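In the order they appear, the protein sequences are chains A and B. Each residue of the first sequence is one higher than the one before, starting from 1 at the first, in the working numbering. Each residue of the second sequence is one higher than the one before, starting from 392 at the first, in the working numbering.
Any given hint could be a false lead.
To be verified - Here are the computed lysine-lysine pairs in the DSSO-like style, where the Cα-Cα straight-line distance is at most 30 angstroms:
| no. | chain 1 | residue 1 | chain 2 | residue 2 |
| --- | --- | --- | --- | --- |
| 1 | B | K400 | B | K422 |
| 2 | A | K50 | A | K194 |
| 3 | A | K276 | B | K422 |
| 4 | A | K194 | A | K166 |
| 5 | A | K194 | A | K46 |
| 6 | B | K393 | B | K422 |
| 7 | A | K166 | B | K393 |
| 8 | B | K393 | A | K194 |
| 9 | B | K422 | A | K61 |
| 10 | A | K166 | B | K422 |
| 11 | A | K194 | B | K422 |
| 12 | A | K276 | A | K61 |
| 13 | A | K46 | A | K61 |
| 14 | A | K194 | B | K400 |
| 15 | A | K61 | B | K393 |
| 16 | B | K393 | A | K276 |
| 17 | A | K50 | B | K400 |
| 18 | A | K389 | A | K276 |
| 19 | A | K50 | A | K61 |
| 20 | A | K46 | A | K166 |
| 21 | A | K166 | A | K50 |
| 22 | A | K389 | A | K166 |
FYI, nobody ran anything at the bench for these hints, they're computed from the structure. This structure is a prediction, so every number in the text was calculated from the model and none was measured.
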Amino acid sequence: MRVAIVGGGLGALRTAESLVASGYAGEIVIVSDENHFPYNRPPLSKEALKDGIEPASLEFKRRPSLESVTWVLGDRAQSVSLRDRTLTLASGRDITFDGLAIATGIRPRRLVAGGPEAGRHVLRTLEDASSLRNELNRSRSLLVVGAGFIGCEVAATARLLGLSVKVVAVDEEPMIRPLGLELSQELRRRHEAKGVEFHLGVGIEAFLGDETATGVRLSDGSEHFADVIVEAIGSIPNIEWLSGNGLDLSDGVLVDVSMRIAGAPVPVVAVGDIAKYPHGLFDETPRRIEHWNLPTETGRRAGKTLAALLAGDEPGLEPVGFIPTFWSDQYEYNIQSFGIPGIADHQRLSFGTWGEPLIVEYLRGNELVGVVGIDSVPQLVPYRNLLMKRA
Amino acid sequence: MKIVVDMSKCQHYGQCCFEAEDVFQLDDDGKLTYADEVDDSRRNDVESAADVCPMQAITIE
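Could you put together the complete structure from these sequences and hints?
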């Protein structure tokens, strides 16, 4: 018996661990287009980008229980036939399977704009981070296109390295979609106090430069130039290889609470950034959430599900019950979130004061759906416990 | 079972505390404190705590 896990990040690792811990004793093959064992990505925009990138120190520990796993690194899933239980890799190699775990995650979204393609850095992989770090080390100025978390973290890191930094984005405030207006304004003020210049609410008309991008022209007609350009405008799920199997691939891979694709002709689960499932915390709407703790949580569940299905049992369908959480380090500020602040209809400062350690509550009607703190970890605990009670 | 937290990596996020609150705690200043020697019966929760550490700073020996 063979399980193929496609994708080689944290979700793949946790799925494999959980499969074995759930009693699965067959073969496991993990296919990854990266040339590394699973590694921790958050430092790539923070400590590692600032202090140096050592792949070995970013790798997750691989437990002895995974010793017999076959790792196929540096090869990509080209297509799959669920009916024929066969995976075809870019190298032409076929891998047959009895169970499949989809863990191919996301890749950076690219801006469609005129001008040179070269010199537009993105940040997702170790290689992306290495090449960006090399550039930052020999440059004096950075232009970040996009004002989400990755863009803002890179901006903060570059300021710490002494570069002058501009952020341009179509959004009206940085990180506004997950954080809402007030907290995103607060974070913009903190970035500005550190010397970052924002141009917000403007589109990118074109990249400027001869062969390499050295600047942008914005929809307000202004032009901005820098030694290094980073594009961080969000991400898209890596679903192309799954086409032709009749799956719901609208924004990720739709699965049930057990992470299984119900009705598939062979046991199939999806985990991590690519999985869209009903969280059941606040409603039954399936959502795809790119928070760091979810590959671990969904991987644990998916491994159990796959082990049960392969043993001829039905997987448990208990509600999901894990709280999405993320954190971000920008300068000396530690930002931590629990719940789904992005679905709130209003927010209120519930601890601390603007400019100081603080906590913002996110409410939908009267219901607490999320909480975000800056430098307030101990004070966040009761809020997190309140959210947990819903689970 | 021995637990080692690399305090040069730890950023005091407190995620480990939710997985094994009898082993890992944040003090009133938000700094991590933990038991460095615990019974083997706690292995599952301590491994979970190590898994969810954003900085991957927890080692079990």
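Consistency of the hints with the structure:
| no. | hint | verdict |
| --- | --- | --- |
| 1 | B:K400 <-> B:K422 | 13 angstroms, holds |
| 2 | A:K50 <-> A:K194 | 16 angstroms, holds |
| 3 | A:K276 <-> B:K422 | 35 angstroms, violated |
| 4 | A:K194 <-> A:K166 | 12 angstroms, holds |
| 5 | A:K194 <-> A:K46 | 16 angstroms, holds |
| 6 | B:K393 <-> B:K422 | 20 angstroms, holds |
| 7 | A:K166 <-> B:K393 | 47 angstroms, violated |
| 8 | B:K393 <-> A:K194 | 42 angstroms, violated |
| 9 | B:K422 <-> A:K61 | 25 angstroms, holds |
| 10 | A:K166 <-> B:K422 | 34 angstroms, violated |
| 11 | A:K194 <-> B:K422 | 26 angstroms, holds |
| 12 | A:K276 <-> A:K61 | 27 angstroms, holds |
| 13 | A:K46 <-> A:K61 | 21 angstroms, holds |
| 14 | A:K194 <-> B:K400 | 24 angstroms, holds |
| 15 | A:K61 <-> B:K393 | 16 angstroms, holds |
| 16 | B:K393 <-> A:K276 | 38 angstroms, violated |
| 17 | A:K50 <-> B:K400 | 14 angstroms, holds |
| 18 | A:K389 <-> A:K276 | 23 angstroms, holds |
| 19 | A:K50 <-> A:K61 | 23 angstroms, holds |
| 20 | A:K46 <-> A:K166 | 17 angstroms, holds |
| 21 | A:K166 <-> A:K50 | 18 angstroms, holds |
| 22 | A:K389 <-> A:K166 | 42 angstroms, violated |
Checked against the numbered hints above, the structure violates hints 3, 7, 8, 10, 16, 22; every other hint is satisfied.
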